[in-house]
Structure formats: C-alpha cells, structure tokens
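Chains as they are written, first to last, in numbering that gives the first Met the number 0: chain H, 0 to 331; chain P, 0 to 633.
In case anyone wonders, no lab produced these hints; they're calculated from the structure.
Values in this document were obtained by computation on a predicted structure and should not be read as measured data.
Each statement offered as a hint is correct.
Which bits of chain H does chain P cover? Going by a derived footprint, with three or more residues having C-beta under 8 Å, they are:
{"no.": "1", "region": "52-62"}
{"no.": "2", "region": "86-97"}
{"no.": "3", "region": "103-112"}
{"no.": "4", "region": "146-155"}
Restraint ranges, calculated between C-beta atoms of paired labels, are given here:
{"no.": "5", "chain 1": "H", "residue 1": "247", "chain 2": "P", "residue 2": "67", "range": "52 to 58 Å"}
{"no.": "6", "chain 1": "H", "residue 1": "138", "chain 2": "P", "residue 2": "593", "range": "36 to 42 Å"}
{"no.": "7", "chain 1": "P", "residue 1": "66", "chain 2": "H", "residue 2": "159", "range": "53 to 59 Å"}
{"no.": "8", "chain 1": "H", "residue 1": "247", "chain 2": "P", "residue 2": "336", "range": "41 to 47 Å"}
{"no.": "9", "chain 1": "P", "residue 1": "302", "chain 2": "H", "residue 2": "135", "range": "43 to 49 Å"}
{"no.": "10", "chain 1": "H", "residue 1": "263", "chain 2": "P", "residue 2": "336", "range": "44 to 50 Å"}
{"no.": "11", "chain 1": "H", "residue 1": "138", "chain 2": "P", "residue 2": "496", "range": "53 to 59 Å"}
{"no.": "12", "chain 1": "H", "residue 1": "247", "chain 2": "P", "residue 2": "70", "range": "54 to 60 Å"}
{"no.": "13", "chain 1": "H", "residue 1": "199", "chain 2": "P", "residue 2": "587", "range": "55 to 61 Å"}
{"no.": "14", "chain 1": "P", "residue 1": "394", "chain 2": "H", "residue 2": "263", "range": "32 to 38 Å"}
{"no.": "15", "chain 1": "P", "residue 1": "494", "chain 2": "H", "residue 2": "273", "range": "42 to 48 Å"}
Backbone N, C-alpha and C define an ideal beta-carbon position, used for all residues, glycine too.
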Amino acid sequence: MPLPRLLALFLAATPLFAAPAHDLYLCATANKDYIVGAKLNTMNGVLLRGPDDTYEPVGTNFPGIYDLVVDPRDSRVRYMATLNGVFVTTDGDRTRRVTTDWSVTEPHGICLDSHNPDCVYLATPDGIVVSTDRGATWARRETGLPERGKYTQVVTADRTKAGRVFAGLEKGIFVTDDGAAHWRCVFPTVRTVVDIRQSPHDPSLWLAATEGDGLVRSRDGGLTWEKVTTSFPEQPVYNVSFDATNPRRLVFSSWMNGVCTSEDGGTTWTTRNIGLPADGHVFRVAVDPDTGRLYANVHHNFIYTSTDFGRTWLKQSLAGAIVYNFVFVPKN
Amino acid sequence: MNLRSLSCAALLSLAAIVPLRAQPSFAGPMPSRAVVEGADQRRREYLDRIHEVLAWRAAQPVVPTATDPAPVDMAAICSRLALRQDAARNSRDVIKYMQDPGSGPFWMFPVVCAAYLGRDQLTPEAQKSIRDAWRSQMQVRGDTENHWVMYYSSLYLMSDLYPGEPGTAWYNGKSSTENLNESQEWLLQWMDLSTTVGQGEFNPTHYIGEYMIPLTMLATWSKDPAMRQRAHIMIDWILADFASNTLHGYLRGANSRSDDNSVLERWNALSSFFSWICFGQTPPTAGYGGWGIYYAAIAENYTVPEVIYRIAMDRGGDFEQHNLKRTRRRWRYSDVLFAPVYKTDYIRDTYAVGSNQGGALDSIQAHIWDVTWDVPDPRGVHNTMFSLHPYSSGAALQMYFVAYPEPWIKGVTFEGKPSYDSADKILGPSPYEQVYQNLDTVIALYDIPPDTRFPHINGFFSKDLKNVTEDKSGWIFAQGGQTFLAYRPLAGYEWQEYVGYATLWVPERGKGKGDRILQSPHLKNGTIVQAAAASEFKDFAAFQAAIRALPLEFKLEPVPTVTMTTLRGQQVTVTYGQAPVVNGATLDYAKTWKLFEGPYLNAEKGSRRLVITHGKLERILDLNTLTISDQIRE
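Full structure from sequences and hints, please.
See the structure below:
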C-alpha cells in the first residue's frame, strides 16, 4: 500500500489526529496565593483549551467558578456554579448575570436535564436548588432530603431519563425521578459524596467518588450501589471519570494515591504517577472523550497530560492551578 | 480553595504602609486612664485622635515598589479626602487605582469610602473611573460573615449612589434596584440573627473593624433613614459589647476569632485601635491597625455614647457578664446550623477571666478561655494564661467551610493561620475540650481520643510571668502584674520553649521571646486556673497557702472530673461530658443564659433589644422599633 494512503488511513483511524468533537473548558483558579481582597494577577474562572494546549480565559476573571454546564441547544447559553451563586450567560460569556440571590452561596455542582434543558439543578452547601426557566429564577427542591446532612457537592442528570438526577450529599447519594419534586436516598454515607458520573458506554453503569467510602459503583442505573475494591488504603477519592473511547478504562483522583486507573472495567486498579509530583495530591482527573488523553491536575501545581493512560505524564501548563472541573462540551 | 479571610497580618499588608514617620500615639507614652467627665472634652479628644490618624496617614511618603515608582493606595486617598487635601492628586490617584481593581469586600469598602468622601472633591473623570470599575470587575462576595457585611454594605451604598441603572451597568448583571434590595435583605436578616440568636464572629480581636467600618458607612451615607438607624443601632450594639469585654482597652478572651500574635500580646490587635479612638485609654497599634485609617476617615459621623464610654472606662468594681453568642454557619457534620456559645466574663480592675463552654465552636481561630492581667503598658507584653488541646482536622474545617479536607489543612497554614496544623499551637478550639468558669476560677477538661492528630494539651506560660513556682502540691504559682495565678495541671507535663509563628509580614515572631508551653501528653487531662488580685493577700506566699488549702479532688478515669471549692467559696463539680454542678445545682446553659446578662448589658433571647446601663445612664437599642433611647435612671 502506498505510504500516503497508509498515512491517510492511520490519520482517519486515530482519534489523536481527528478534529476534536469537544471543547475543553476548565473551571479553575491559577492564582496560587489568592485570598479575598487580593488582586487577580493570573487567570481564573473558565478557561478554554486552545489548539496548542494553551488555555485562554473565557468571560470574567473570577477565582471561584467551580462547575459549568452548557445548554445543548445553544452553546452560548451557559450556567456556572460560583462562589457568588449562579452566573448565567446567553452570549458565550461576553456578559453574565448572577441570577441567584444572597440565599444561594458557594454551589459547587450544576447540571441540566438534557431532555428538558430549561431545567437546571444546583448543588449547594445547604441543599438543592432548581431552576425551570433557564436559570432566571431558582427554588429549593428538597422533599426527601434530610433536614441536616443535606450539604450537596454534586448533581448529575441521567441522560437517558427525563427528570432523573443524582445528587451527592453529606448523607449519601440521593436520586429524583420527577425533576426534584421528591428525592430518595439510594446509598447512605457518613461523609460527603463528591462526584457522580454516568458511563458514556452503558447508561446503567454509574461511578461515584466519596470521602468516606472510596469509589462506589452502580450497575443498575443507580438503584443500588456497592463499594469498588481497590488494592489501596481507603482514602478520600476526589473525582472519577470514564474513558469515552474505551469502555474498559476508568480513572479516579486521590490525595494520597494520585492517579488511579483501571483498564479492565474496574476489576483491578493501578496507581499511575510516574512523572507527577511525588506527593500525589491529584485533585482532578478527566479523559478527553475524543482522544482518550488523560488529564490530571495536581493541587496548586500544574495540569499534566498522558497519552498512554497514565503510564507517562507530561507537564502541560497553568502553574499553581487548582482545576475544579474539566468540562468537555460537544462542539456545535 | 483559597477564598478565606485575610489574616490580621495580611490585612496590614494590604491596608497600611509601614510607618515611615512616627505615629504619635503608637510610639508615645501610655494614654491616661482617667475618665473624661465632660462630653465636649470627650468629643474634642475623639476628634483629635481622628485627626492624628488622618494627618499621619496623609503625610506618609510614597514608597516606590519594584514595579511602580509611585504606587497609590486607597487608605492615603481616603485620608486626604477626609482632610480635604490635594484634590487634584486624589483624582489622579483614584483614576490610577481603578485601572487595576481588586476583587472582593476588602477592596470594595475602601473604594466606597473614597466614592462618598469624594463626591464633591473628585473630578468627574475620577468618579467615572470608580463607577466603571463597578461595572467591569466581578466582585468576590467571600465566605464569612465579615466578608458579607463588607460586601453587602458596599454594594448597598454604591447602588444607593447610582440609582436607577440597569443590570448592564453593574458587574453582577443586576440593576441598582435589585442590588439595593438584595443587599438590604441580607443586612436585615444578619442584624436580626445577631440580635436574637447572638453574634457569630463575636469579640474578634481583629475583625471588629470589618463590622464597625461598613456599618459606620451605612449609618452615615445610606439615603434610607431606617437603614441609617439600623446601622447605628448595630454600631452601638457591637461597641457596647466590645467595651464591656475590654480590660483597660485591650480585648481578652474568649474570642470567636483571634490570631497567633493577638492571643498572646492581648493589646496588639485592631480592636485596640477602636479602644484608643473611641475611649482613649490604650495606645493604637502600628499603622493604626491598617483598617483603622478607614474608620478614622468616617469616624466624625459617629458619637461614642457616654454610657458605652463609661462601661469601657469607669467600672468602679468587679463584674460578671453572661452573653449568648453563636458559631458561624455549620454546613455539615453537625446537627445544628448554628451552635450556641455560652460566654462568661469576670472582670476586675487588675485582671479578667473569660471563657465559653469549649468544643468545636469554630474551625480555626477561636480562643476559648484565658486569664488576662493588666499591666501599666501592654505593648510587647504577653499578659495572658490559658491551655488548650491543639486540634487540627479536615472534617472540622469542612463543618464550617466548603472545602476538601486534605488540601484545606495545608491551605490555611499559608493563608494567615500558620499554626493551624502544628503541635505547639496556642490558638483554636477542640471538640475534646470542656470548660467551666466560676468567677475567677476556670476548669478545663480534656478527653482526647487516641487517634487524634495531636494527643496532648498545651498550657501557655508567658515570658512576662514572675515567680513561676512548681509547688510540690501540684500547683504552679505565678504572678502576672498585680495578679496572682495558680495553674493546676491534672496530669504530668514537660516544658517547651514557645517560639511563635513567623509570617511573611512579621518574620520575627518565629524567633522566641521566652514564652513556654506546658505540654502534657496525656489524653485524659485537665487544667485548673485560679486567679486573684495581689491586693487580696498579704503576700505571694499567703496566696499560695490559700490555694493549697482549697478542697480539691480529681480523677481522670473513666473521664476527667474535678470537684473543688473555689477561692470564692463556690462548690463546683465538673465532669467531662456532663453539665457542671455548682453548689449542688446542675447548670443548664440553655435555660440560664440570656442574650446579655450583667450589670451593663442586658437582653433577652429573641428580643432585638439591648439595654445598656452604667450608673444612672441608660441607652436602649431597639431594632423592633428602630429607636435609640437615652434616659437618666432614678
């Protein structure tokens, strides 16, 4: 076969060289020594990955944007969970408005129902707040949540069922099937559930990261959950990610164990920290859904990337950064 | 996440310049403690102190930095504006300052101060530069009560200054009306909470400024007379509480928040600036406490009520005060949103004893109890004694902050709380400490789980104690000023040098000055401290003999328990995990403690009404009726 044709076939078959189908946004602060009142000397807020793996700020330089969700109908419509409440933009973050009032502070998770994108869910330190009008107004929806123990770190919508949302609380994993009208606990915990993810390959498969129970998994669409056994000491797990390019590959981040990966669907796990700082302290991991490239943020350090699923790491950029979330958004 | 309060030292670095020219009152002799009887003279002296601050700050030379040969700062601008000096320069400096706006409440309220002071002084271009910054720079609201008081007071006043503008004219996309309404709504609910359930960041050694300054701005500049009155009531409320908690001007424990330095050198805190400027009996701290400059810039708009002045200055006798406070908001790992804080103070002329009941009453900076003695000049003196369990816990931090435990423990240590995760720290609460105070006796008991990070307790012994004597009875006797002290460790101990904690701004704090830590490495533990005035005894030996003679029984298993008769003849039994028993009656804090109860301050829970009395003077603050009423009692 002629070389150019081989090359063309290779390029077509290799996601690394395909045009990315997703934009990568970071919710991050790269202002290492920032304290309230200090000047913002570096980039904070939402940052967009460029073609050369550099990051450019989008919107306002704000050191407390924790999560971002984009309306699938219009990528200019975005909702951000921030220190000040919810920022809503309808113009790609050229302008924005805080649409919550003083009673909503420090939400760390936000999601929308892809079946009804007008409906936005917010995880706050004192419960769950919902908007049904594209973030214009917000109301608490907490029937079924405990009176105390409703600290909520994360909300994740089930992409296959309208009105179905999972929430990670201090007291466990809760689910609603009716757009937050009612919640019920499906996995009780004594420490906070910090991340909940749905498999891109099998919508009945879910993983959640917890502070007290390590990694937990559901194989039945979130009805029941079980602890995932790893060979590591049980440590707080910070977040978890599926690899959309390979159903057998999973990864989670931990303070003590750094990056932990599985390439057999979660049966066995391996720490993958060669090339990362020795003390671990991996705060966030993510897998690029287009290429399978692994991203890791070491707390107050850099973003590192790996093209071999963690076997080797390359220091990338954003010195001193904390990445609260890697958010991959389909291009449209 | 590093969105935390600026420490005292950090605040100084932002707000004040190193004093290049001597500050008259900071460097001068101790002020007189004599009561100024005449109202006119009190007012004149108050205004003189204000002028001293502003004149000093306005006269500071510009100090070039590596990146800017002529940096500008808002404290200097506000000082000159208050003095109505250098109008042209002020406008130039404001325009330059606004080219790189800051990001939160510590930036917002100084700018509001300049905006209002400069309404008739700054050029239209300078005023526009301020206005534009509030359009373009997203402001951080912060995550503590003092942050929000500053943030919403500032936003309220700027919305008041620029009414009727649309959301596009403001950084948060909300209109002037929306911002004004939201600010008012939060401020009113904060006032309501503070005057019914209790103050959250109560008696802070530093953060009093973060309340007094924005409230004084609101009381001065709000267009709404009701808001002005509410703010005035809150200023009086906070200042009266502060006055009753000082010992000749310096604030002692317990404190909702303190810092590694103020907890030792009790005078060295921004709170002393407020004593100095409002009452005049103690020196101001370096740089007038940094933020003190802004208070001075607006302080002529406030008149210190005579009744509050006299509570600070003219006590005439010993007094006991019980106050109800509350913790900050508990986000998780707690059955309650706000935990009650039962505070006890016993104040005499030569010393004061203060405490709350102990426990996880804050995450980082709470100071639970101490005995603080008076000295002729408090500058540089570590005039205090206490013990604590050095507790460090990610889960405890998570109770009060939206944070991950592991990075946050590390994070707080470089955010102005360097001792947080250190074995020899002398600041902070512990869930394994229970404290009971009866007048000038404190019993602190500890029941520390074996897996706790620091399995010992620390007792602080100042370099300024005299005649420290380890008596074979088990008591340690000492003298601080004209106060005799008896410290009884309930378990074995060893001595360590206490070197303190260097900060970026005050590196010499890490060099040690002769203070010591009594470290007791026993999980079941306790401390008893009994104080007395030297004048009560023929000599130190007589005090020691009296202490040795006190009936005292204690045991540490299964939990620490102490039964004793105090020097004041009170029969007390304190058992860890149980309510104290006093003269045969079990103490029920929840039923007993009012919002304020004592000779000077009285308020019922839920009342929104504080009665301030001194002699025949009475002032009633009433948030229900928005009235401040003064009367002379018969």
